[in-house]
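Colleague: Next come the chains, spelled out residue by residue.
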Amino acid sequence: MTVQTHEHTIVNDLSMMLDQGELVGLIGPNGAGKSTLLKAIVGSRKLSSGRVMIDGVPLERLSAIERARKLSYLPQERYVEWQLPVRTVVMLGRFPHRQGFGPPTPDCEVAVDRALDAVDATPFALRSVTSLSGGERARVLLARALAVEAPLLIADEPITELDPYHQIHVMEILRNRANEGTGVLVVLHDLAMAARFMDRLILMNCGSIVSTGTPTEVINRENLENVYRVSPLNQPASHEALASPWQKMDQNN
Amino acid sequence: MTVFSHVKGLHIQMDDRKHYYFLIAILTLLVAIFFTFSVLVGTTGASLSDIFTTIGQHDSEISSLIIREIRLPRAILGLLIGATLGLAGATLQGYLRNPLAEPGVIGVSTAAALGAVLAIYTGLSLVAPLALPLMAIGGSLIVVLLLQTLAGAGSVLTLILAGVAISSLCGALTSLALNLSDNPFASLEIVFWLLGSITDRSMAHVWLAAPFILTGWLLLIASARALDALSLGEEVALSLGVNVKQTRLLVVSGTAISVGACTAVSGVIGFIGLVVPHLLRPLVGHHPSRLLLASALAGASLLLCADILVRIVNSSTELKLGVVTALIGGPFFLFLIFRLKAYYGT
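Heads up: the protein sequence lines correspond to chains A and B, in order.
Take the working numbering: the last position of the first sequence gets the number 253, and nothing is skipped along the way.
Take the working numbering: the last position of the second sequence gets the number 346, and nothing is skipped along the way.
Calculated from the structure, these hints are not laboratory results.
The beta-carbon is built from N, C-alpha and C at its ideal position, and this holds for glycine as well.
Just the calculated beta-carbon pair ranges, DEER-fashion:
{"#": "1", "chain 1": "B", "residue 1": "D200", "chain 2": "A", "residue 2": "G134", "range": "54 to 64 Å"}
{"#": "2", "chain 1": "A", "residue 1": "D13", "chain 2": "B", "residue 2": "P331", "range": "51 to 61 Å"}
{"#": "3", "chain 1": "A", "residue 1": "S63", "chain 2": "B", "residue 2": "L157", "range": "21 to 31 Å"}
{"#": "4", "chain 1": "B", "residue 1": "L180", "chain 2": "A", "residue 2": "I65", "range": "46 to 56 Å"}
{"#": "5", "chain 1": "B", "residue 1": "T158", "chain 2": "A", "residue 2": "K248", "range": "34 to 44 Å"}
Some chain B residues judged to face chain A by a derived CB distance under 7 Å, without partners named:
{"#": "6", "residue": "R97"}
{"#": "7", "residue": "A229"}
{"#": "8", "residue": "L240"}
{"#": "9", "residue": "N243"}
Okay, derived cross-link-like pairs now, PhoX-like style, lysine-lysine, Cα gap no bigger than 25 Å in a straight line:
{"#": "10", "chain 1": "A", "residue 1": "K70", "chain 2": "B", "residue 2": "K245"}
{"#": "11", "chain 1": "A", "residue 1": "K46", "chain 2": "B", "residue 2": "K245"}
{"#": "12", "chain 1": "A", "residue 1": "K46", "chain 2": "A", "residue 2": "K70"}
Same shape as in the complex, but just chain A:
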């Protein structure tokens, strides 16, 4: 896949695969092209060249509804207009499964309840989403993405606004979803979380993949120094990923 603007190449001739049941982390510094890559995968950003295939079928051959049922997407922006109740927002995740203006089917109700329970949002399901804190809203929007119950879930920085408790909680939810058979691709900046929860990491820089493999293989001193321009806190034990950035490289010199 390649994504270009008039002046820049944002994603440069990149190829990747996501299997069902796999939890994959997409990491890299700001401006590496991670979010653009996700947008290209879900079809909201046009590819300059290349294609995205789901189950061997090119994305453009699927109808909008077929695509929506196969691929759930949580963007970085936590945008909700209007003072909609939390439950209504999560029910929007069932949009691809509903037709017309009739009441939601029992299947939809169950999927919404499951998603609300998963992110601990059931207690405030009747509140307006605009009255929630940033962290609560982030969890509700994750519940909306979970409620689609698609075989592939793509989330852009789902734990950015969360406190440590809910960061771990959300990572556990994503882990469980992967264990249930969903293919999950997550953009993360928290290397500790990436190291702990991901099956596989893809490290991007300047629109290209620099390294891919298990967390231990990807999060190492060389990558931290060359890609993130930071040095790590400690030498890790041989079996653990190097996950604690400590100092900027230009401060080191």
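Dock chain B against chain A, hints included.
Modeller: This is chain B only, laid out in the frame that chain A set:
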């Protein structure tokens, strides 16, 4: 836990729906009441039985003629125009995700007004009375093409900017026509027409505008489900299977065709498309799709009510409907800005 909340969820949905249907029933009743009053109220008295005996008969009694030829078209146009403005306002606010949006924001009203003004300015409206509404509808259709060309694949911001630019240009051309008009009667007619009114309209006006208005309604209603998904932004809506480009085409074309046809027969009537959706939004649980029917009914009620007020207010010159709606809408607009300011804290 899941079973319990599933049952609870169903109850919430049912209560929510019951509340919505009750609101729709009340608004429908209001439309029926105001429509009946609109036919009854005037200098010549009429009773309910007069209405039923008059409709369908072609006797030449003065009271029958007044009801059939003057009041009935006026009431029907009031209903159609009010419903269109309410529906188009609710759709545009949902699509643009902006509570301050109204049909005028995409330049439809001013373009239709320009078409009508040109018909008066050139004297075409004197030669053929239907030239005025036809040119107004033509003006709004040109706006659809322009908006699709300028902002067809762009963002919501591009659409608003294109609408503002078209609106400003049409306003300037209308002013130019007034400026260059050497016929004082034509100038006066233009000014009066721009004030907005449904006085002295005939069934010919109803038959001319109704097909365009109804077509516009269908297009707008077809976008309803997508408006709910758009509450989460275009990117999420797209990922949920919404055809964002098609939705834009439906909203822009539906608004232009229906509001253009309304402006063609009534002149410019503002603020209903802004005020009505905003008042009703909390009553429909902030669902953009549910707001459409409710706003259409409330818009019809409000316009019929304003038109009745125009008739019963004791004044030597009849107040223009567009003036009354602007007098109600203007202060409400200011209130809206103050409330938004308080809401966002800046």
